[in-house]
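Chemist: If you read the protein sequences in the order shown, they are chains A, B and C.
The letter at position 156 of the first sequence is residue 156 when you use this note's numbering, and the numbering goes up by one with no holes.
The letter at position 347 of the second sequence is residue 347 when you use this note's numbering, and the numbering goes up by one with no holes.
The letter at position 122 of the third sequence is residue 122 when you use this note's numbering, and the numbering goes up by one with no holes.
Everything labelled a hint here was simulated from the structure, so no lab data went into it.
Don't take every hint at face value.
Claimed, not checked - Listed next, the in silico BS3-like pairs over lysine-lysine satisfying Cα-Cα at most 27 Å (straight line):
no.	chain 1	residue 1	chain 2	residue 2
1	A	167	A	143
2	A	114	B	315
3	B	90	C	50
4	B	168	A	79
5	A	109	B	315
6	A	109	A	143
7	B	168	C	108
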Amino acid sequence: MAAIITGPKRPWLTLPFLLPSWTDSLVLGSRRHQSSYRRTKQRLRVKPDASFGSSAERQDHIIYNPPSSAPNVYHTPTKFLPPDDVRRAMRPEEPVKQDVESLPGVFKKVYEKKYHLNPSDIEEIRKLRLEDPMKWSRHKLAKRFDCSPMFVAMVCEASQQKKEIQKQVLEAVQSRWGAKRRMAREDRQLRREAWGRDM
Amino acid sequence: MKRLQLQRWSNSVLSTRARTGSHLQHHLYNAVRRQSSTAAAVQPEFSTGEAEHETFEEIKLKTILRRTHSRPNQLKYPSPPTHAAHESAKLAALHARLYLPSRLPYETLARTLVDASADQDPNFNNESLSTLGHDLLTYYTSEHLICTYPRLPLSVIFASMYAYVGPKTLTAMTREWGVEHASSPGGEVDPGLLQFQRLAPGTELQEKEDGPRPYQSQPHWRKTVTSKIFYDNEFGDTAKTAAEGVSADQASATFVRAVMSAIYLHAGRPAAKRFFQQHFLSRHLNMAELFNFEQPTRDLTRLCARENFERPVAKVIAETGRKSRHPVFVVGIFSGQDKLGEGQGASLSEARERAAVAALKGWYLYSPLNVRLPSAMEEDEAAPWKPVHVDLGEVIV
Amino acid sequence: MTVQGLRTVTSAQNGAGAFILQCKRLDLHYNLQGASSHGLRTFVQTLLPKFARQYPQIEFRVSPTPKKHPVVRGHYINGREKPICVRNMQPNEILKKVILLKEASGEKNRRQSKPVRSLNESVRGIWSPYHGDLRGV
Numbered sequence: 001m002a003a004i005i006t007g008p009k010r011p012w013l014t015l016p017f018l019l020p021s022w023t024d025s026l027v028l029g030s031r032r033h034q035s036s037y038r039r040t041k042q043r044l045r046v047k048p049d050a051s052f053g054s055s056a057e058r059q060d061h062i063i064y065n066p067p068s069s070a071p072n073v074y075h076t077p078t079k080f081l082p083p084d085d086v087r088r089a090m091r092p093e094e095p096v097k098q099d100v101e102s103l104p105g106v107f108k109k110v111y112e113k114k115y116h117l118n119p120s121d122i123e124e125i126r127k128l129r130l131e132d133p134m135k136w137s138r139h140k141l142a143k144r145f146d147c148s149p150m151f152v153a154m155v156c157e158a159s160q161q162k163k164e165i166q167k168q169v170l171e172a173v174q175s176r177w178g179a180k181r182r183m184a185r186e187d188r189q190l191r192r193e194a195w196g197r198d199m
Numbered sequence: 001m002k003r004l005q006l007q008r009w010s011n012s013v014l015s016t017r018a019r020t021g022s023h024l025q026h027h028l029y030n031a032v033r034r035q036s037s038t039a040a041a042v043q044p045e046f047s048t049g050e051a052e053h054e055t056f057e058e059i060k061l062k063t064i065l066r067r068t069h070s071r072p073n074q075l076k077y078p079s080p081p082t083h084a085a086h087e088s089a090k091l092a093a094l095h096a097r098l099y100l101p102s103r104l105p106y107e108t109l110a111r112t113l114v115d116a117s118a119d120q121d122p123n124f125n126n127e128s129l130s131t132l133g134h135d136l137l138t139y140y141t142s143e144h145l146i147c148t149y150p151r152l153p154l155s156v157i158f159a160s161m162y163a164y165v166g167p168k169t170l171t172a173m174t175r176e177w178g179v180e181h182a183s184s185p186g187g188e189v190d191p192g193l194l195q196f197q198r199l200a201p202g203t204e205l206q207e208k209e210d211g212p213r214p215y216q217s218q219p220h221w222r223k224t225v226t227s228k229i230f231y232d233n234e235f236g237d238t239a240k241t242a243a244e245g246v247s248a249d250q251a252s253a254t255f256v257r258a259v260m261s262a263i264y265l266h267a268g269r270p271a272a273k274r275f276f277q278q279h280f281l282s283r284h285l286n287m288a289e290l291f292n293f294e295q296p297t298r299d300l301t302r303l304c305a306r307e308n309f310e311r312p313v314a315k316v317i318a319e320t321g322r323k324s325r326h327p328v329f330v331v332g333i334f335s336g337q338d339k340l341g342e343g344q345g346a347s348l349s350e351a352r353e354r355a356a357v358a359a360l361k362g363w364y365l366y367s368p369l370n371v372r373l374p375s376a377m378e379e380d381e382a383a384p385w386k387p388v389h390v391d392l393g394e395v396i397v
Numbered sequence: 001m002t003v004q005g006l007r008t009v010t011s012a013q014n015g016a017g018a019f020i021l022q023c024k025r026l027d028l029h030y031n032l033q034g035a036s037s038h039g040l041r042t043f044v045q046t047l048l049p050k051f052a053r054q055y056p057q058i059e060f061r062v063s064p065t066p067k068k069h070p071v072v073r074g075h076y077i078n079g080r081e082k083p084i085c086v087r088n089m090q091p092n093e094i095l096k097k098v099i100l101l102k103e104a105s106g107e108k109n110r111r112q113s114k115p116v117r118s119l120n121e122s123v124r125g126i127w128s129p130y131h132g133d134l135r136g137v
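All chains should be built: construct the whole structure from the sequences, respecting the hints.
Modeler: So, in structure tokens, the structure goes:
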């Protein structure tokens, strides 16, 4: 700690507002009254941010000081610019702050696509689902054929009877809901629809 | 007010009526009047000089003029006479308020205010003017949109066309120009008021039955975007009609379109373009608010596959309070090392969806630099044309 | 359909393109005999013609109202009106009032706390705690 205080030309301990609160008692002992205009002025002379250019830059240059706000949608990402756009060359190479690989993913497990099913498998999925929809649900089929339930839904559709049954089950469940739960579910649905509008 | 004007006109009503707008018509009208005065004394076919050089159009015009003159009661004219345009303070004020070019006469401005439902005669209503104005407005707007945002999906182009030159906007513009509506059309109305036959309250507009779309009898059939381009209007709507009268929205829209074409016809193309720039394009529209995605993550994956980018992956950039009641997650969508979009939300799936929406908007709202519109080539000594950016089109899933 | 277009209406920014004077009509009501209307009667005869020529965008209506004090009433594009009683005023004072009516927007008088009001969003966006670098000073 002592080394830091004595190190720089203008010790940053003289700017008490920059220090964390635990140092207050430490500073208090050595505080002097600001008795001169010169000293006050000197203390207010804070160096500009590094992004405002170092003395090494001799020519005119653009100050790049990105805002601390969410990015604007009108600012097209460089990857989305067409190859002949001038802005591709003009944009400075952003320093890689963090490796993308090191960032945590949204899902706990990322499934790789396998593309292992052939047409005969798909035919069988369809057949099974039509044969006994109560036994061969989407999830059971997905487990058996080692694919996602989404893929089963893309490949085949449940029979009309099964849909009717499922609808009745849902109605039976919903009939037990009170006003509060119903309203909460409806609100959740509305909020979900607002995501796509970005509101 | 109506009664006052009636008294003032009482002697002009008895004289022959000059209601024609253009110079040509005025000239012809004079010719007709002279002819008819001589016709009482001598045989018209042989005595008058004008009759020999008449073209077919002139004869047609004469019949129209005669018909207007032989109307039984001149007070019952459906729209105000031409000379009233010079006496109307409202009309002059409107002309000055819009800074209309002095070459645009008051008579034409008065004609733009007469809807076809007020006066059936195509020589005195604004129907023909508004047809041209409609084409001009849609042309200028669509070329502006397509050149400035070449990647917009068609449904969003329809929506933005509606926002710029849709009937609602044109109605708002009419109001902001200070144009008032006449309660009922007639010859005694101040020509500075918008005249139209109002729709009876509670009337429902009906779709045109003899429209060009096949299988129109099946209304539940899905209408694709392609069929909307083909069969519907510039906003993707089917044309609707009512039996009698128009709504105030329709009449206002017709008026604004007619003003646009009146400027085009009297003051030329540059003035019309300037008018369009100043009154239509200067209005505020946030294009990013026009999008509504149903499955943004799926669309983004398809887009990246189409453009040969790496598969998009969602990663958490920042988060706080995961186990609390109000967590906040900031999720970015990355393709390789490049960030495509970023969104925040109260759950991981919300943040991910919003990030996908931001990435898709980033793609669709691309705007090239130094956009030049095709209509700029209409000017003299225009620089050689460079092709504008043309995109593959929207993502199809 | 993957993406839908949401319908909105563009909003006017008066003055960003064309500027439209918000005062569309001025009514001047005076009394033919009354002494309080003397100033307005003189104003109509002397100063009004020049003023009206200067602002052709405004429709002027001059009409007598018997047994009433003189009133100047401005009508605005937003549908509101603003009446000012001009009794016992000199023509020059009335001219000031007429100019005031001409320049008004027709809105109710409100305290403007911000120097700029704009539809455009801020260039640097809304500050967010999750973005930007942590800067050491």
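Chemist: Is the Cα-Cα distance between residue 167 of chain A and residue 143 of chain A 27 Å or less?
Modeler: Holds - the C-alpha atoms of residue 143 of chain A and residue 167 of chain A are around 24 Å apart, at most 27 Å.
Chemist: Is the Cα-Cα distance between residue 114 of chain A and residue 315 of chain B 27 Å or less?
Modeler: Holds: residue 114 of chain A and residue 315 of chain B sit about 22 Å apart, inside 27 Å.
Chemist: If you draw a straight line from the CA of residue 168 of chain B to the CA of residue 79 of chain A, is it 27 Å or shorter?
Modeler: violated (38 Å)
Chemist: Check the hint pairing residue 109 of chain A with residue 315 of chain B against an upper bound of 27 Å on the C-alpha distance.
Modeler: holds (12 Å)
Chemist: Below or equal to 27 Å on CA atoms is what counts here, so check residue 90 of chain B against residue 50 of chain C.
Modeler: Status holds; Cα separation ~18 Å.
Chemist: Would the pair residue 168 of chain B and residue 108 of chain C pass a check requiring their Cα atoms to be no farther apart than 27 Å?
Modeler: Given that 27 Å is the threshold and the Cα spacing comes to 26 Å, the pair holds.
Chemist: Taken at face value, is the distance from the CA of residue 143 of chain A to the CA of residue 109 of chain A at most 27 Å?
Modeler: holds (16 Å)
Hint 4 alone, counting from the list given before, is not met by this structure.
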